Every structure is written in C-alpha cells, then in structure tokens.
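Asker: Build the full structure now, drawing on both the sequences and the hints.
Read in our numbering, the sequence shown has 175 at position 175, and its numbers run on one by one without any break.
These are calculated hints, taken from the structure and not from any lab test. Watch out, some of these pointers could steer you wrong.
What the hints assert, rightly or not - Label-pair restraints from in silico Cβ distances:
id: 1; residue 1: 25; residue 2: 74; range: 16 to 26 Å
id: 2; residue 1: 16; residue 2: 60; range: 21 to 31 Å
id: 3; residue 1: 112; residue 2: 216; range: 29 to 39 Å
id: 4; residue 1: 26; residue 2: 170; range: 24 to 34 Å
Please read all numbers here as calculations on a predicted model, not as lab measurements. Glycine included, C-beta positions come from ideal geometry on N, C-alpha and C.
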Amino acid sequence: MSHPDFTNPFWSGLVTANASLAIGGDLARRYPAEVIPFGGVANVRDPACMAAFRDLLHPGEKVYLTGDDLAAVDGLVESVLLPGVQMHFAGDSSVAAFSDQVVLLGEAEAHEMVALTDVAFPGYFRSATWKLGQYYGLRVEGELIAMAGVRVSLPGWREISAVCTHPQHTGKGYAATLIRHVMAEHRNAGAESYLHAAAANHRAIAIYERLGFTHTRDINFRGMQLA
Numbered sequence: 001m002s003h004p005d006f007t008n009p010f011w012s013g014l015v016t017a018n019a020s021l022a023i024g025g026d027l028a029r030r031y032p033a034e035v036i037p038f039g040g041v042a043n044v045r046d047p048a049c050m051a052a053f054r055d056l057l058h059p060g061e062k063v064y065l066t067g068d069d070l071a072a073v074d075g076l077v078e079s080v081l082l083p084g085v086q087m088h089f090a091g092d093s094s095v096a097a098f099s100d101q102v103v104l105l106g107e108a109e110a111h112e113m114v115a116l117t118d119v120a121f122p123g124y125f126r127s128a129t130w131k132l133g134q135y136y137g138l139r140v141e142g143e144l145i146a147m148a149g150v151r152v153s154l155p156g157w158r159e160i161s162a163v164c165t166h167p168q169h170t171g172k173g174y175a176a177t178l179i180r181h182v183m184a185e186h187r188n189a190g191a192e193s194y195l196h197a198a199a200a201n202h203r204a205i206a207i208y209e210r211l212g213f214t215h216t217r218d219i220n221f222r223g224m225q226l227a
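Answerer: Set out below in structure tokens:
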C-alpha cells in the first residue's frame, strides 16, 4: 500500500479522494464551508500558494491549514494555532470489529450530528460534513449520544474523525465501539485508518493508543482568515 503525504493531509485529500468536493486550483484548495472549515495548499512556504488560498476565503470566516513556516501574504492572517497529533493504526487487525449496536447516520441526521459535536468541538462539524464519508452513531432511548465517522480520505487511507460522546454518557466504552466499527468499514474497503487529535486531549489520545494507534507526527492546525 502506498503511503500518502501525511504531512499535508488536507491538500492530499483535496487533490485525490476528495477532489470532487474541492474548491480551488493547482496552488490552493478548500472544502466548501458547509462541509468542513479546512483547506490546503501545495506548499505553505510559497507566497503564490498562500495568496491563492487567501483568495478562496470569505470575509469573517476562519479556515484551517496544517503546516509550519507559512509564507506571509498581504490580507491573510493567522488567528489561532491549535497544536495537534497525527496517529495511524499499527495494532492487531482484530481490533477492527463491527457492532450491531451502531446505526448509520446521514443527511437526515445531520442536525443531530451537528448538535452532538457542538458539545465537544463547536464549529468543526457542519451541516454537510456527512458528504465526506460514512458516519455512525449510538443511541440511548432514541437520543444520539455518541458518533464517529470519516473526514479526509487519502489513497489507501481514511481518517477517523468526529469521535465524540455526550458528556452525560462518557466512560462507557462508546467511543471505542464506534472507532472499531469505523475501522472495520475501512478494512472492508481496503483502507487503513489514521486520525488527528488535539495535543491537549490526553484522554482521547490514551483511548487511541489502547486501540493500537501510534504517533505519526506532531501537526499544527492554523486558523487563517482575511485581514
């Protein structure tokens, strides 16, 4: 299996498996605002690429890039820095396991998914994020209380994302059940699993490590907006 450019994941996704959703061209691309607030450029150190990215932004919005030593261009500013970690699965394949408790989520459940993820990480999951791939959830008495799914797809790899559990239902293994189910879907499709987490989210990182994910690299998410 070929290994994608994990150092520039959003750009890699936007020029390969997620190209049908991409807005932009050869230097810079982004996902539609209603999908996810992320984008990428061919080379963050190239002023032409950063200027092309700037031209894709709308007034007042914040779109995230990954990378370091970004070229400075007029009219574009970095408003937030979120240190993160990138991890890929390197454990036993038996960890991937389907669960009959899990339900498939889609457009009809978009409002529930947004409401749930807004409790954990407001603003990152949008009304059309479900278009990126399959999302799965767990319900208790009809209420969606936990979910996980796919964000950025790369050749041979799929990102596990939007892993969250409502605060009233944590500590019950729901996140692990969903991650294992999503991993099983990835395996069925001939893909391996990777993910990102906030560097400060030690609880989530510990769960991922117990499941067999290992540290790939530190990665910075930079919120960019028009000056």
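Asker: Would you pick out the hints that fail for this structure and give their numbers low to high?
Answerer: 4
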